[in-house]
Amino acid sequence: MNDVPLEGDIVTPGGSPSSEDGEFNTLDEPVRETIMRDVKAVGIKFWHVLYPKQSTALLKEWDLWGPLVLCVFMAMVLQGSSEDQILTGDGGPQFAEVFVIFWAGAVVVTLNTKLLGGNISFFQSICVLGYCVFPLTVSLIVCRIILIASQTTVLFIVRFLVVILGFAWSTFASTAFLAESQPPRRKALAVYPIFLFYFVISWLIISHTY
Amino acid sequence: MENLKEITLTHCTKQSAVIDLGDVETEEFKVLNESDYESDEVASRKDKGGGGGQSGSPYEAAKQSMTENMTKMMWQAGTQQARKAWSLYGNIDILRPYFDVEPHEVRTRLFQSFIPKPIKDRQKIHKELYGPVMVIFTLIALLLFQMKAAEHKVEEGTLMGTAFGVCFTYWLGAAGLMWFLCFVCNTRISAVQILSLLGYGLSSHCVVILLGTVIHTSHDHIFFYCLWAIIGGLSTLRMVSVVLSRTQGHRQRLILSGVLTTLHLLFLLYLHFAYHQIVEDLSGVFDDKDVVPNPVKDNVHDSLVDNNIMGNSSVIEQDHPDVAHPLLTSSN
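Line by line, the protein sequences give chains W and B. So for the first sequence, full-length UniProt numbering puts the first residue at 1; every next one is plus one. So for the second sequence, full-length UniProt numbering puts the first residue at 1; every next one is plus one.
Source of the hints: derived by calculation from the structure; they are not laboratory data. It is possible that part of the hints are untrue.
[What the hints assert, rightly or not] Below, computed lysine to aspartate or glutamate pairings styled on DMTMM-like, alpha-carbon distance capped at 20 Å:
1) Lys60(W) x Asp38(W)
2) Lys127(B) x Glu105(B)
3) Lys124(B) x Glu102(B)
4) Lys117(B) x Glu105(B)
5) Lys187(W) x Glu105(B)
6) Lys127(B) x Asp100(B)
7) Lys53(W) x Glu180(W)
8) Lys187(W) x Glu102(B)
9) Lys187(W) x Asp100(B)
Please model the complete structure; the sequences and the hints are all you need to start from.
Laid out in structure tokens, this is it:
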């Protein structure tokens, strides 16, 4: 029962050069570096969405952090405050409602893609759809800023255009990423539910008036 | 390995059972020796039982272990199959044939759902669910659009869930009812075909609701009734013609067409009026008198300012005793 070969086995075989590079050995790095690396990865994916070209970064290294952050942010901004509810009798979309629309919609679109014979995994599709809400989130922020001022027809048209732009951008980006995985003949069938999904979300944004 | 383990286990239990039997026998024997009642009968029973148990024990053990193994194997196989059937990908594979369509096919079928056909020939119904599912999702989105466009804000969260619930419940419920009636009336149609037929039929609802929302005539429903009669009627005729072409007998045809027409047209009426009626009530309320707290506050504030100028604040207290007090104190 000698411990020496056991230790030798763990340390030696071919892994030492890579661990010296610090590529795979993340055990003794600071927590800050670990977190920053993940944050950077999420940030790069956001950039890919804003500048959609045929990139596989969203598909290969999928994660659900970005969609979660976007979804929570949108749900928090869109939910009606209790004060508004008392004054106008308007509940507004609640946090849970936006949350459910976001995730249930993404799941339905993904299932549709799978049913049509798409060559993509479940979470890859959820990741792409979630990240591609980013343009709509930007338009939501713009709308919130516009809503600070007193509302006129011109401002409503501006909000409308901003949301339409976000909607088009989201749909275009998600199609750019998901187009590869679809059978070429059925792209229209796969795009339609995506269009509907972003339409409902953008409708929530534009109808959010307080 | 597991089977081996089980066999050894069963052997162990058998041995212990034999030992137990022996123990029982000796105890029984003791009791018998001590007691005077029915000693002969019990002794003979003991001989039979003990002898039979000892001679059949290997056979019994093998039989029992085999039974247990078989049960276990059957159970495992069954569980595995059930799990497979319930897993996501299993379900997807079951549904995949129904989603095998081309875009132009969907387009053609959507268009054809408004065109009635003669009932002489038996008409083909495609076993396809992509179109119906998408039509229903469109209908849900349009219902949300309708609610928002009509500035229908009260309990919106509930209504958003209701839009889902109403559409899917109607689709599945009506299809279930029609399937039962078709079964009773001996119509040659499968459940999937009914789902497909009813789903494509709902495209008329989408068109009517979209037009009714975009071209909104506030208190006049003539436009809606025209759309309801023409577009809804056409799609109803189409569905009825398809069902009738597959049914024999006048009575059965009458029942099926009556139920289908009633369900389809009443659902469209419901979708329109369930939300618009509330909107009208609300707008009526807003027009007639200000009952919402916010305008009341404003009114009170305005009248408060006026009355302060006039130097008479008691009128406000009579009109709005609940609201006026805090405002009075705050303004003072």
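Checklist entry - Does the structure break any of the earlier hints, and which numbers would those be? => result No numbers; nothing is violated.
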